[in-house]
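A.B. asks: Use these hints to put chains E, Y and R onto chain W, whose structure you have.
4 protein chains.
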Amino acid sequence: MNFIDRFKGIVPPVATPYHADGSVDTLSLKRLIRHLLDGGVHGLFLLGSTSECVLLDAKDRGRVLETALAEVNGKVPVVAGVMDAATDVCLNHARLAKSLGVDGLVVTAPYYTRTNQAETIDHFRYMHGEIGLPVVAYDIPVCVNIKLLRDTVHNLAREGLICALKDSSGDEGGFRMLIHDFKDKPHFRLFTGSEIVADTAILSGASGCVPGLANVDPHAYVRLYDAAARGDAVAARREQERLIDLFQMVFWSGSELSPGAAGVGSFKVALKHKGIFEHGHMRRPNRPIPDTVQARIKEHLMSLGLS
Amino acid sequence: MNFIDRFKGIVPPVATPYHADGSVDTLSLKRLIRHLLDGGVHGLFLLGSTSECVLLDAKDRGRVLETALAEVNGKVPVVAGVMDAATDVCLNHARLAKSLGVDGLVVTAPYYTRTNQAETIDHFRYMHGEIGLPVVAYDIPVCVNIKLLRDTVHNLAREGLICALKDSSGDEGGFRMLIHDFKDKPHFRLFTGSEIVADTAILSGASGCVPGLANVDPHAYVRLYDAAARGDAVAARREQERLIDLFQMVFWSGSELSPGAAGVGSFKVALKHKGIFEHGHMRRPNRPIPDTVQARIKEHLMSLGLS
Amino acid sequence: MNFIDRFKGIVPPVATPYHADGSVDTLSLKRLIRHLLDGGVHGLFLLGSTSECVLLDAKDRGRVLETALAEVNGKVPVVAGVMDAATDVCLNHARLAKSLGVDGLVVTAPYYTRTNQAETIDHFRYMHGEIGLPVVAYDIPVCVNIKLLRDTVHNLAREGLICALKDSSGDEGGFRMLIHDFKDKPHFRLFTGSEIVADTAILSGASGCVPGLANVDPHAYVRLYDAAARGDAVAARREQERLIDLFQMVFWSGSELSPGAAGVGSFKVALKHKGIFEHGHMRRPNRPIPDTVQARIKEHLMSLGLS
Amino acid sequence: MNFIDRFKGIVPPVATPYHADGSVDTLSLKRLIRHLLDGGVHGLFLLGSTSECVLLDAKDRGRVLETALAEVNGKVPVVAGVMDAATDVCLNHARLAKSLGVDGLVVTAPYYTRTNQAETIDHFRYMHGEIGLPVVAYDIPVCVNIKLLRDTVHNLAREGLICALKDSSGDEGGFRMLIHDFKDKPHFRLFTGSEIVADTAILSGASGCVPGLANVDPHAYVRLYDAAARGDAVAARREQERLIDLFQMVFWSGSELSPGAAGVGSFKVALKHKGIFEHGHMRRPNRPIPDTVQARIKEHLMSLGLS
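Protein chains in written order, with the working numbering: chain W, 1479 to 1785; chain E, 1479 to 1785; chain Y, 1479 to 1785; chain R, 1479 to 1785.
One or more of the hints may lead you astray.
Distance ranges between label pairs, derived from CB positions [unchecked claim]:
{"no.": "1", "chain 1": "W", "residue 1": "1551", "chain 2": "E", "residue 2": "1508", "range": "48 to 56 Å"}
{"no.": "2", "chain 1": "Y", "residue 1": "1664", "chain 2": "W", "residue 2": "1480", "range": "41 to 49 Å"}
{"no.": "3", "chain 1": "R", "residue 1": "1709", "chain 2": "Y", "residue 2": "1726", "range": "58 to 66 Å"}
{"no.": "4", "chain 1": "Y", "residue 1": "1664", "chain 2": "W", "residue 2": "1782", "range": "22 to 30 Å"}
{"no.": "5", "chain 1": "R", "residue 1": "1734", "chain 2": "Y", "residue 2": "1512", "range": "48 to 56 Å"}
{"no.": "6", "chain 1": "W", "residue 1": "1480", "chain 2": "E", "residue 2": "1596", "range": "57 to 65 Å"}
{"no.": "7", "chain 1": "E", "residue 1": "1579", "chain 2": "R", "residue 2": "1723", "range": "39 to 47 Å"}
{"no.": "8", "chain 1": "E", "residue 1": "1756", "chain 2": "R", "residue 2": "1663", "range": "37 to 45 Å"}
Calculated from the structure, these hints are not laboratory results. Don't be surprised by glycine CBs; every beta carbon is placed ideally from N, CA and C.
Okay, chain W solo, but in the shape it has when bound (with noise of 0.2 Å):
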């Protein structure tokens, strides 16, 4: 079966572990790839904003691929974010994706340079055509302060550049406008990266989901995929609310963390309470979760049976 056939269903971004001296911790990696295949998630995402993979040079994200890949070893599709502002360093982040054997390849707008739509098109453009792998567009505008507009997605579509969207642009209703312009296009992915509309998503049509909370509860997620896949609104709207209720943790650090930082750290500091990372903290310039809110996450997962 080909990559396109199997890339569907919740593909979690993989959160990043680190020892206490900031070095990946690829121990706690391999336990976390453990903990996703045995929720049985249908794919994995490398190095996207959920790993803090512009935090990691090429070295580390070379670690964070081998670690992984090695530890999937074939059983799910894996593809590889190669987050970078330039079209050549994000070259070199995909070669080196392509020679550790991932299925496809991520790719966002450039960032900083303050590309426009025309410019950013070239960008997927060089990617497709010097790599040869499969292109997952991921629209980010958060971080990269660019959205991808509808008739880019669809050039970049129409031209092949790409095979799936992840789309986290916080536009649900333009990502709803996507999934009816492809729905005689089965075979271009659509995913959503909300992690509190998942259901909805995939029973408008959505291929899957790429939430971050996949990490501290997958099996949930994909109970929830197989529920709205099978067109069982009830149970999936079941899973997802239990799965919002464990989101509410992202709020609990107030203004002193930027929201990315509370997010990612937040699902770090549950992986630790679960067990799977050593540590929990992130990397520069982000703070940790304050104690506080540490203890009650604590207490959170263990309310909602997660620990």
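C.D. replies: What follows is chains E, Y and R alone, placed relative to chain W:
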């Protein structure tokens, strides 16, 4: 005379020339440095946005610094940008820059990571604490998606983490307020990054200007600075208006290029027409300035007596 | 049965027909009301954005309310928008609406005035305290330039100042979070204002939808609501997809018209083609839908069995 | 001398005093007009944002115009804002203003309606065509949520629809560009709306300034203008810096008030302390300046020799 005493006036952000194959063209870079020094500039800002810094890997950045520093040979103070999304990568850039002999660092807020004001201050604290070179804060929200708020600049200055600010925020009113705030601290240097309000910034009390357009006509910016610094508003305005005329070329590429690419690209094409650069292109994903615009820039330079 | 028990389901924001000279066309308005009631809608929202409310003076607003209320004659609950930049003018609109017999008010944040969250809560406090009708908060930041934050909605509800929310913010994730927050308070009504995610909003627990497009095809939205309310996700999605097809006409006017004018203008042209409105134009400064687009809308309606 | 010859210099946007019950206080308004004329201002802008124009109904607007025009009695040119969301309501305001004898109108883009650039030009075309008074375009995107783009200003001027621009966009670079663009058309008047860069705007070639703070200290702004207009940058800056000191009071209300309310509210409190206004409050939903800030403003005025 120590760094901060010398660090004022016209400090161009130096553009990066490439060979046809995209590698750094050190001969052209030396010509540009000599051109700028001949123009009388008071300092140089290497590896700024105008240099396409985020399109340069660590090796390229090192080559630019080495080449430029050798050519400058201590004649003027040199600061170097260390732009990256991650604190630890910025620190690596900073260590390299320090080892090569720059006089100070230019640091933006982290990007991609959606860092807030508090985390941004932490980032500056790490840079200051671990490198020990003077730091210029660089406020460029169009690139990094966060504004350095007035309070943040005050906190950074009060804690001694920065000695200067380069304001490319487009918020000239906010910049005027900062000039006012720091009027009793003349050793805190405030530079505008705007090409087109340099005269009034300096007349208002700014320490100087970091204009990308000074790559093309450093002499005029130095004349402008000298006039404004001695309070001759009429002469300063005359120079400024001629420079605004020159600047119009950045609008000629229309919507095909993003504003940043159209700006830097125009400067590089002008440097090619002036015989300073071998080639005028930028790195990917930036498109080249259209041929018709390149021709128009050539005429523009002639009509303004610049080639 | 009291207001809030009845206030759910499909509540179209009623469009305003004009004579050729721009005055309100009460005969066409009555036809539209009958069309909507025949379609089975569960309530009506008069003087919303779709009505071009801010282009109607107090006299016109009164005429719309009188005409519509007489035609409805108590068959369904009727709420009225009281949009204005100023609290005191909103209060005047509200007193008129109350005297004419509406069942509830729809209130946005003040606009033009750059009001913050606290001042916006004050505004709702004045509306509630001085009028004494049920109030629906209307979150429409594209028009009023401020988002009703999650905390603000909670504060308004906790204080009893509002009984419902219409969400036209485009932030479907935030809306889902509110549905979750209020899941134990079923009498707090949550309506989406989006035409294209009505099915999933209702499947997720929303009370209903306020779709401008329901002016054109109320029957389909009522079928969608009935399907979603009984948990039939497949049937609801089928209706939704047909409505998304219908909705495409709003994109056909290109950049000549602003998105709001293109949307409401398309609905009015469709109502003209359906024989409900005499004329399809909007008030100034909104331009008419281009003739070619008007013709295309006519074919579109026929192809979808709607004329 | 015709209108445009006289229309330059300091043109304060006149604040609106109220009695305790919120009705317009015409006696205080007359005192303010005399205070401004005594200060030597070159014109008056009635019913601008500083007047809380959108919080005034048609009757109040008429009262303000009548009272002020009687007091001015032709001594300086008077322009009147006609702000409203709708073209036709703006036209009504304009007809009233014309009938009462204003010299020109001040027109913003429509708001709430999400009007684009083309529709905004249409709006100005209607205002120009149906009223026949000189029109000043008022660029204030924080209130109306659309920026008048450089091309739009050129189109409006070229077509003769406007004779002047008041720029409150905060985009001082863009304003400088417009000054440059119009340097050969000295009768097209360009005013900055910024209190804190008036000196440099005028030194750069602007026709004048429309500073809300001039309600409090018109003499200083007139001195600033005179200095800048004769090219005395040092004297202009000295006045500007003292006015920036005075302006700090707008920041003292913290996050409790929105920036607009904190600004206008501070000016009104200062006018009360100066004995010009009976009361210093604003209309709802704007909150009053906190008592502690009111006391601090009193001391501030004394320390600056203003009461």
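A.B. asks: Now look at each hint and say whether the structure bears it out.
C.D. replies: Hint-by-hint comparison with the structure:
no. : hint                        : result
1   : 1551/W - 1508/E: 48 to 56 Å : holds, 53 Å
2   : 1664/Y - 1480/W: 41 to 49 Å : holds, 47 Å
3   : 1709/R - 1726/Y: 58 to 66 Å : holds, 60 Å
4   : 1664/Y - 1782/W: 22 to 30 Å : holds, 23 Å
5   : 1734/R - 1512/Y: 48 to 56 Å : holds, 49 Å
6   : 1480/W - 1596/E: 57 to 65 Å : violated, 47 Å
7   : 1579/E - 1723/R: 39 to 47 Å : holds, 42 Å
8   : 1756/E - 1663/R: 37 to 45 Å : holds, 42 Å
Checked against the numbered hints given earlier, the structure breaks only hint 6 and satisfies all the rest.
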